[in-house]
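Peer 1: One-letter residues, chain by chain:
There are 2 protein chains.
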Amino acid sequence: MRVLETCLYVTDLGRAEQFYSGVLGLPLFAKVPGRHLFYRLEGGMLLLFDPRASAQPGDVPPHAGSPGGHACLTLDPARTDDWEARLRAAGLNVTRYAWGDRGESLYFHDPAGNVLELAPPRIWGITV
Amino acid sequence: MRVLETCLYVTDLGRAEQFYSGVLGLPLFAKVPGRHLFYRLEGGMLLLFDPRASAQPGDVPPHAGSPGGHACLTLDPARTDDWEARLRAAGLNVTRYAWGDRGESLYFHDPAGNVLELAPPRIWGITV
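First to last, the protein sequences are chains P and L. Numbering-wise, numbering that gives the first Met the number 0 puts 93 at position 94 of the first sequence, and it's gapless, one number per residue. Numbering-wise, numbering that gives the first Met the number 0 puts 0 at position 1 of the second sequence, and it's gapless, one number per residue.
Hints in this document: simulated from the structure, not taken from any laboratory. One should not assume that every hint holds.
Claimed, not checked - Simulated DEER-style distance windows between Cβ atoms:
1) Arg78(L) x Val59(P): 14 to 24 angstroms
2) Pro26(P) x Arg51(L): 17 to 27 angstroms
3) Arg14(P) x Asp100(L): 31 to 41 angstroms
To be verified - Per the computed footprint, the stretches of chain L lying under chain P, defined by three or more beta-carbons under 8 angstroms from a beta-carbon of chain P, are:
4) 35 to 43
5) 58 to 71
6) 104 to 111
7) 114 to 123
We put the CB at the ideal spot given by N, CA and C, even for glycine.
Model the full assembly from the supplied sequences, consistent with the hints where possible.
Peer 2: Have a look at this one:
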C-alpha cells in the first residue's frame, strides 16, 4: 500500500493557489472555486479543501478538518540551497534542519498555517 | 515531486496503533509512546502524532494539528469486497462510493475521527 491522497485544509483557496501553484510550482489538476484545489504529484494527489464547503454532507463522508496539518514533499538534496533561496525570496520563514547524516529538511508554513516540509527520501531510508 | 510524508493527528496513540497496525495491517516503522507512531508505506511515510506532544516547541516547527484529517491509501480493486468485509468485521461503518466507471472507494473513520479512504489509483487516472 502507498498513500494515494494527502489532504490539507486551507481557509483561503485563492491564496493557497498562489502559493502551491506559484511558489511551490505544483501542477494543478482540478479546481472548484470555494471548495477545493487538487494537485497531481508523482503517484498521488495533494488535496486542499476549504472545510466550509467540504464539511457539508454529501455522497461521501464530510471532510471536516482544519488548517494546522503537515505534509512533506520530496526534495532532491542537490537542490536544497536553491529551494531555500526560492522560499526565502517568497517571504517565507524557513527552518533548515539536518537529520544527522541522513539529509536536511526545509520547513515552512503555507498561508493557512499548515507546516510544510521538503526532504530527501533518504531521511527515512527510502531510496526510490 | 511526490508526497514523502502524510500526517494525521490522533488523541489516543494506543487505540491508533491497534487500528493502523491491527485493522489496516500497516507496518510500524517507529514509535515514541505519548508522541507518535510512524508507518512506512511504499515510497513514503504515514505519520500519526499526538498533538499534545508534537505541538511543543522543538528543533523543527511544532506539529500542532488536530484530528479530522483525511488520507487515502491505495486499494487493489480486485480486493474491494475483501476490504469492505474486513473493515465491517472490525465494527466500522463503511461508505462504498463509485466514481463513475473509474473505480470505487471505501470510506471509514479511524478511532480519532480522521476520514480514511481506500481507493484504486485509477480514480485519478493514475496507472502506476
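Peer 1: Evaluate each hint against the coordinates.
Peer 2: Taking the hints in turn, this is what the structure says about them:
no.: 1; hint: Arg78(L) x Val59(P): 14 to 24 angstroms; in the structure: holds (20 angstroms)
no.: 2; hint: Pro26(P) x Arg51(L): 17 to 27 angstroms; in the structure: violated (37 angstroms)
no.: 3; hint: Arg14(P) x Asp100(L): 31 to 41 angstroms; in the structure: holds (36 angstroms)
no.: 4; hint: 35 to 43; in the structure: holds (count 5)
no.: 5; hint: 58 to 71; in the structure: holds (count 13)
no.: 6; hint: 104 to 111; in the structure: holds (count 3)
no.: 7; hint: 114 to 123; in the structure: holds (count 5)
When the structure is compared with the earlier hints, a violation turns up for hint 2 alone.
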